[in-house]
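**Student:** As a plain string of letters, each chain reads:
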Amino acid sequence: MENIIMLILVLVLASFLGFELISKVPSQLHTPLMSGSNAISGITIVGAVLSLGGSFTIQNETFRVILGTLAVFFATINVIGGYAVTNRMLGMFSSKKDDKKVGK
Amino acid sequence: MDFMTLVRGFMTKPLENTLYIVSAVFFILGLKMLGKASTAKKGNFLSAIGMLIATVTAVVAMLNINIIWVLVGIILGSFVGVISAKKVAMTSMPEMVALFNGLGGAASLLVAWAEYQMYVSQNSVYSTPVAKLAIVIVTILIGAVTFTGSLVAWAKLSGKIISKPIKYAGQGIVNTILILAFVAAAVAFSGKYYFGAIHSYELFGIATVLSLIIGITYVIPIGGGDMPVVISLLNAFSGMAACAAGFVISNTVLIVTGALVGSSGIILTNIMCRAMNRSITNVLFSGFGNAGAKKASGAAHGEAKPISVDDAYLMLESAGSVLIVPGYGMAVAQAQHAVQELAAQLEENGTEVNFAIHPVAGRMPGHMNVLLAEANVPYEQLKEMDDVNPTIENVDVCVVIGANDVINPAAREDKSSPIYGMPVINVDKAKNVIVLKRSMNTGFAGIENPLFFKENTRMLFGDAKQTVQDLVAQFKD
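If you read the protein sequences in the order shown, they are chains C and P.
Residues 1 to 104 in my numbering are what the first sequence spells out, letter by letter.
Residues 1001 to 1477 in my numbering are what the second sequence spells out, letter by letter.
In isolation and in its complexed conformation, chain P is listed as follows (with noise of 0.2 Å):
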């Protein structure tokens, strides 16, 4: 490759520097326009031209690559990475963003091992200095983490294994001994002590496979609905997981933009933590709906109202405001279109239609939003809980469609509930309720709903896709 080695005199060590330099720039103003809705798609093309900037630049400036192999992994990457995303459906984007997410870990936790192979193949392991081989086994904590915890999120999300938190006996010690191992297999590793057989490549694959399990032991006991908090501090762990790679392999552009993205998403975080009123300690370690939830359930019961459709549709017709209120089973339902539909038959009828989006709806931050926008919805329909709470008195009917704890008034009223003092929207003081819903099993929480006895509240039961249909056609004929 002739040319090849023409452009490679090019560059020199300055010169990669600062085209590292010109990419990180472009992620920083990618990221800041990606804030905002009139920018964002700029942003996310400015960032995939640092990415590319970046790219290019290692590939040129390295000496002997190997560069037939670097190929075949970005020209299989490529393909893999493009028809996934154009075959995804818009209801399994959660898994989509795990999944894409535990392979960045994996990415890192590779780098840092393709490192360390070659100290040991160079013989160099024990005339290595400590701090790197520390750094070494920091990056595969964080990137084997990132990655099984993000194939954990990605089943759980998919159906693969059930989203309810997961608990056994002992749990607590479990994890807490498996922490305690990793940190001593580390520290033995880079500390280059060795104990009879177990050499540094030995302690090297125990403490990755420790950190491999302490990923998987610590996101099973979280439960489904408090995957938006989960998926975001993943997202988060993967921009830490870089940045570990950029000082095992001293490379100030993987650092920055680790960076980058580890405090953007623990930021992403801190959002979806308050929006349930609750501490990231608490959402990792309290697995949602257990013992304390049973205890509570006594408060709320009596008896549910079923409304049959054509009665909704009465209630629906006559109305003068909707308010829809989309959970995770609009999702699961693939019910927005159907949805999308309503809102435009109630508008023709001269209903005023909104949706009140809580901002940890679904599983995953937003992805409400990105339904509804999938079926059309204008964004100036979509409304944020504290924009439609205030005034939720006026509203004739609260279509709620297949959401549960975000709409529960025990929040706000049963100081024995789980979920007490999480902010949620406050359907139950709309003039009318209909909750679109299966059955009468508690949600993903396992928290019962006193808003399903209320004397304003009806219950339309059914999948919610189907009703929703059924109603159009109503309005249709």
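Bound-form chain C, shown alone (with noise of 0.2 Å):
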């Protein structure tokens, strides 16, 4: 019970600290904030790959490696997919000075 209320302390904490990251954002940063934020989300792939895991044999348990097998492959599509195209939107991004940069 107590570990419980430690994690809630911390989701709190996250919380307001994410409030405050994204106070003031330019809006031509929205779309790649967005997307690079999304790829944060993929964080989930540390809970996937723990679920391929665990103190028992997991050998009998086809259903359950289906399932994370299943989720590390979509956290891992949405993981290298949004850092990916974030970064390529970012390298697009460019001011008179440094032209040439090449879009496609």
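Bear in mind the hints are in silico, worked out from the structure with no lab data behind them.
Even glycine gets a Cβ: it sits at the ideal position worked out from N, Cα and C.
Each hint should be verified, as a subset may be incorrect.
Using 25 Å as the maximum straight-line C-alpha spacing, the simulated DSS-like pairs for lysine-lysine come out as follows [claimed, not checked]:
| no. | chain 1 | residue 1 | chain 2 | residue 2 |
| --- | --- | --- | --- | --- |
| 1 | P | K1041 | P | K1086 |
| 2 | P | K1383 | C | K24 |
| 3 | P | K1032 | C | K24 |
| 4 | P | K1454 | P | K1415 |
| 5 | C | K24 | P | K1041 |
| 6 | P | K1192 | P | K1132 |
| 7 | P | K1036 | C | K24 |
Here are some chain P residues the structure puts well away from chain C; computed CB gaps all over 12 Å [what the hints assert, rightly or not]:
| no. | residue |
| --- | --- |
| 8 | A1181 |
| 9 | Y1194 |
| 10 | N1282 |
| 11 | F1285 |
| 12 | K1305 |
| 13 | N1389 |
| 14 | T1391 |
| 15 | E1413 |
| 16 | K1431 |
| 17 | S1439 |
| 18 | R1458 |
Using the hints, put the two standalone chains together into the complex.
**Tutor:** What follows is the structure, encoded as structure tokens:
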């Protein structure tokens, strides 16, 4: 029970931190910020990896392995795709001084 | 794998948790830096490093891990992720983000399901604390809504289903019943009640299916024009789903990181709502462009004055300053490169060119900025609405390309208009306005636009890309 209180404390503090971090963002960064934070939400990949482990024999649990593998697969797409797309977008933002940035 | 055994020997619980803290710090710094143009790229990189640290830590720390399946998931996932990120056209970016987002939600759902499956195979469902089961089912709900909601958003954005609000009689009642049914199933599930043949797993299945349906039914009535709000809200949801999954498996890095994404997503959603002068409940539950919109349309009538490409060229050629206002139509017509060329020609001609970007133009927050950046328009030329409106009277020609609701003067003038009160770019106050439009159809919200009938407005009909290319050709002659 004490454990869960600690976890809730962590949740509350992190939520406030999130509100503070993103209060003023220029509108041109809205899309990269969204797809960047979207990639971060792929942190569930850690949960997915952990769901494939355990202190008991997993061999007898085909279904759980399927669920876990699918979870890792989806989370990885979210993470890798999200970071790559964000990076691609940010690479396109160029000012007049440093032109010659290739768009495609 | 002897090497793995060796490495695992070093990975004690304190070290594992320390590494999670390190990765959380990377995420925090990364998010902070993403909010500033000069540091955004580095911020994205830092948060990717954080993700790498967290993932490797999880893999190494796990005992008896099914490493083959982890690798299968990661390799296939990376492959799909990289290919789609490289292939996607910038105009399709909103769909892509929606899809990635949905997969994140699905992953959190699966994490909770796998955890529950473990209780089942250990035969420990009925000795699991009620709170734990409740967290499992809440994670299922958030993950499922994120998943199917994002899929609907993706389908709407990519034109797979109609982007107008889908409404039917009794929709509100159906939605409420679905929620109540979910709550009933969730309570029975976590309270370990069972009725006759309906046992824990059946209740789990019912609650999951209901959650998936809820994600669909709550997003279909939302129109395409409100997608920036919906996408950023679903983005916040995917963070909350990860956070909830963190509670399921008692993992702090999931909780911290999920909460960061959740709360920053809420901030972004709020920014979008403010840009439309609407509350989040209004966006989610009103279905823009329904009955109210039809009644209001009587106000704006008159004759629209068409203009030819030749005449439009003469107007632009003699203009001292031009303000280009792009909207979703520019994305649909893929006209951003042609528009950039037109801007370059105008500048060569000695005209001052700027772009006015409405915060909710397009289908995603910042959609227009990304498209114009792709076409190499320097960001100094991209002005925000609040910067252009005070001096818009001095602009010789406003060129509206595929924008409609974000420039509708009815938002200022017509109290009966459904968008009354929404901040708009006041293009009608410029000396001249040229509106590039496919036809006289109303915008996504289905609202008449009195701008088209104003004295200083000229309509240039046709495909936006073709029209702009014709204008560019005139300049080159």
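**Student:** If a hint holds in the structure, say so; if it doesn't, say that too.
**Tutor:** Each hint, compared with the structure:
1. At roughly 17 Å between alpha-carbon atoms, K1041/P and K1086/P fall within 25 Å of each other, so this suggested pair holds.
2. Under the criterion of a C-alpha separation no larger than 25 Å, the hint pairing K1383/P with K24/C is consistent with the structure, at around 16 Å.
3. In summary, the hint linking K1032/P to K24/C is supported, as the alpha carbons are separated by about 10 Å, within the 25 Å threshold.
4. Only pairs whose Cα atoms come within 25 Å are accepted, and K1454/P paired with K1415/P is accepted, the gap being roughly 18 Å.
5. In summary, the hint linking K24/C to K1041/P is supported, as the alpha carbons are separated by about 17 Å, within the 25 Å threshold.
6. Proposed proximity of K1192/P and K1132/P is supported: the alpha carbons are some 12 Å apart, at most 25 Å.
7. Taking the CA atoms of K1036/P and K24/C, the gap is near 9 Å; set against the 25 Å cutoff, the hint holds.
8. The non-interface label for A1181/P is consistent with chain C: the shortest C-beta to C-beta separation is roughly 24 Å, beyond 12 Å.
9. The beta carbon of Y1194/P sits about 21 Å from the closest Cβ of chain C, which is more than 12 Å, so the claim that it is off the interface holds.
10. Against the 12 Å criterion, N1282/P stays outside the reach of chain C, whose nearest CB is about 21 Å from its own CB.
11. Non-interface status of F1285/P relative to chain C is upheld: no Cβ of that chain comes within 12 Å, the nearest being about 23 Å off.
12. Against the 12 Å criterion, K1305/P stays outside the reach of chain C, whose nearest CB is about 33 Å from its own CB.
13. No beta-carbon of chain C comes within 12 Å of the beta-carbon of N1389/P; the shortest separation is about 14 Å.
14. Distance check on T1391/P: its Cβ is at least 18 Å (rounded) from any Cβ of chain C, clearing the 12 Å threshold; non-interface status holds.
15. Consistency note on E1413/P: stated as away from chain C, and its beta-carbon is indeed over 12 Å from all of that chain's, at 25 Å minimum.
16. K1431/P, annotated as away from the interface, keeps every beta carbon of chain C farther than 12 Å; the closest lies near 26 Å.
17. No beta-carbon of chain C is positioned within 12 Å of the beta-carbon of S1439/P; the least distance is around 29 Å.
18. A cut-off of 12 Å between C-beta atoms confirms that R1458/P is not in contact with chain C; the least separation is 29 Å.
In this structure, every one of the numbered hints holds.
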